[in-house]
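K.L.:
Here is how the chains run, residue by residue.
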Amino acid sequence: MRAGMRAGMSATVHELAAGGRRPTEALPPAAAARPDRPGRPSSALAHRGLRPSGRAPATGTRRGFGPGVGLGLRLGFLLLAFGVVPALGNDYWFSAILIPFLVLSLGAVGLNILTGYAGQLSLGSAAFMAVGAFASYNFLLRVPHMPLLVSFLLGGLTAAAVGVLFGLPSLRIKGFYLIVSTLAAQFFVEWALTKFGWFSNFNASGVITAPPLVVLGHDFSSPRGRYLLSLGVVLGLTVLARNLVRGELGRSWMAVRDMDTAAAVIGIPILETKLLAFATSSFYCGVAGALWAFAYLGTVEPHGFDLGRSFQILFIIIVGGLGSISGAFLGSAFIVLLPILMDNLATAYFSGIIDAGHIENLQKVIFGALIIVFLIKEPAGLARLVENLREKVRRWPLVG
Amino acid sequence: MSSLTSWFANSSFFWEVLVGGLLAGVMYSMVAIGFVLIYKASGVFNFAQGSMVLFAALTFVSILERGVPFVLALGITLGAMLLLAGLIERVVLRPLVNRPPIVLFMATLGLSFVIEGLAQTLWGSQVHGLELGIEDRPFELHGIMVSQFDLFAAGTAGALVLVLGLLFNKTRFGLALRAVADDQLAALAVGIDLRRVWGMVWAAAGLVALVAGLLWGARVGVQFSLSLIVLKALPVLIIGGFSSIAGTIVGGLLVGATEKLAEVYIGPRFDGGIENWFPYVLALLFLLVRPTGLFGEPQVERA
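Residue numbers (the working numbering), protein chains in the order written: chain A, -6 to 393; chain B, 982 to 1284.
Incorrect hints may have been included.
[Unchecked claim] The calculated DMTMM-like cross-link candidates involving lysine to aspartate or glutamate, where the alpha carbons are at most 25 Å apart (straight line), are:
{"#": "1", "chain 1": "B", "residue 1": "K1151", "chain 2": "B", "residue 2": "D1131"}
{"#": "2", "chain 1": "A", "residue 1": "K188", "chain 2": "B", "residue 2": "D1163"}
{"#": "3", "chain 1": "B", "residue 1": "K1151", "chain 2": "B", "residue 2": "D1163"}
{"#": "4", "chain 1": "A", "residue 1": "K385", "chain 2": "A", "residue 2": "E371"}
{"#": "5", "chain 1": "B", "residue 1": "K1021", "chain 2": "B", "residue 2": "E1256"}
{"#": "6", "chain 1": "A", "residue 1": "K370", "chain 2": "B", "residue 2": "E1070"}
{"#": "7", "chain 1": "B", "residue 1": "K1021", "chain 2": "B", "residue 2": "E1244"}
{"#": "8", "chain 1": "B", "residue 1": "K1151", "chain 2": "B", "residue 2": "D1164"}
{"#": "9", "chain 1": "A", "residue 1": "K188", "chain 2": "B", "residue 2": "E1244"}
{"#": "10", "chain 1": "A", "residue 1": "K188", "chain 2": "A", "residue 2": "E353"}
{"#": "11", "chain 1": "A", "residue 1": "K357", "chain 2": "B", "residue 2": "E1070"}
No lab work stands behind these hints: they were computed from the structure.
Since we're looking at a predicted model, the values are computed, not measured.
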């Protein structure tokens, strides 16, 4: 699993998580199966659940850096994220690019736990985000002296509870039949939050507004502050996720994904494992939803968490890499930056020829086509591409 | 006692809602049939079926608005659908042969984005009206108002099912298709051209999408929301069973009727709007009690 995660933005994040340790235990056999191309003999294993994007177990030979360099990289990354970027970035970068990037990454990490690691397809991520956002809002509103971060935590836990509820059918149905359960969650939550005024404190259109973003007496309301707040929450939870998927629970998830019967045979409690995946995933989505509402948008209505948002997060993990934490970040960066890039290109070169509606449609076509191309050509997503690139660079003078 | 009498007083209203729901359900079935065709032959759950409906309706209406005669426009649209089906089979599905169903599903999700974007890039995204020349005048039948157009739609759906049934059960192609649905390897072994069968099935799904697109388009206007019908067809499929055409009809009727009845009788307590999620809850219950649906074949899991 770990090969592809060492790349890109979160390379140093997970190195932090690893704490310099190199796990030596072997991966479960199924997770170690190489992704099959059609006709490859190993495909029998991969047939069952999601294609394991789990890679061959990392061998000791492929790491070029000593522990000292790794630590330096980590510190450098932290310095960059918490020091250099806030010092150099402007409000546009914080509000329009960095914050949505971070928040969507967190949501994608959540969905990746469920879909990429545990093999349960979900089209309801946005619903769990909505639950997290509205629950945090209500905890802040109704409990006096509720600290902001605790409200995020409680919002996440509420989302986790709702996630478990809609995950219950996963004992009986699996794979893509589960989209029925998750779509039910998507439509039901959106409806309930709109119809019952209590959730939005009886706002006429169901809109909730961000509370003052104060943590331990510090005000985080400026764009820079909201960036730092998101960064802190997202990094913390990502480190946790990295450790989770590398630990016993993560191994169980992958075993269930690859072949649930075999997993049951070796003594993994299937229902418990699946429900934990739903709970963890929904928790992450819930916190991401709270950040989306408070740190990114400021005000949000239930329809801000519609099916389109669920698709967006699913696309992030397909493009970024199923079953890869760094993939969630790469995919999120991709999906945040591509529309901006296309807009800029269009205004620079085709202004007047192509109108905004066309660009939106073209974006759809390009996103859709990219998903197909990635599924066909590189199911392990951007994470694998970056990993391959890194390998090439590392060996460059010796091996072509 | 008094509630019973009031129920009888309102019973014609009840029947009207029921019939309206059943007829709407037939329309859901039309979309669901396209799914079943492809699912039977290749095991792909084609999320892009809704986009194909949109593409067909939008293409037809746009050609019609440019002054092309009805029949010619129909022919051109049919040609476009067959071309689209061929392209999908060739470009998207063939490279994905032998991959897990969940991956194929996600590919069709991407496909739906491509088709939607393409249709709206080509033809614009404004709402078009579509007139099929059928008067939508409700008439009275035993004291119940029935929409003439919905009856026509139901008749079309019936004819479509009949034709598909004949195709599956009485022709050599149908035999090949059933063989492929049963066991792809065995079908290959006896010399059935898998690619041809898949191409044909996608073409048939394109045709069904065209019919569904015309009927839905005439009913609600040709617009983007047509592609969202896919979300209604999903519970229909679960309830009816993924591999049975008869199942989609029964499932469609069931979903249409219960959703309308629930909206009218339970909805007001919650200020309405339960139509959106009610079919899903119904489908979920079905999945828990009878995972193969009403008419689906129980799947033997080999792993």
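K.L.:
Now look at each hint and say whether the structure bears it out.
P.N.:
Hint check:
1. B:K1151 <-> B:D1131: Judged against 25 Å, a Cα distance of about 30 Å means the pair is violated.
2. A:K188 <-> B:D1163: The hint is violated at about 46 Å.
3. B:K1151 <-> B:D1163: 17 Å, holds
4. A:K385 <-> A:E371: 17 Å, holds
5. B:K1021 <-> B:E1256: 29 Å, violated
6. A:K370 <-> B:E1070: Satisfied, since the Cα-Cα distance of roughly 17 Å is no more than 25 Å.
7. B:K1021 <-> B:E1244: 33 Å, violated
8. B:K1151 <-> B:D1164: 19 Å, holds
9. A:K188 <-> B:E1244: 14 Å, holds
10. A:K188 <-> A:E353: The hint is violated at about 31 Å.
11. A:K357 <-> B:E1070: 20 Å, holds
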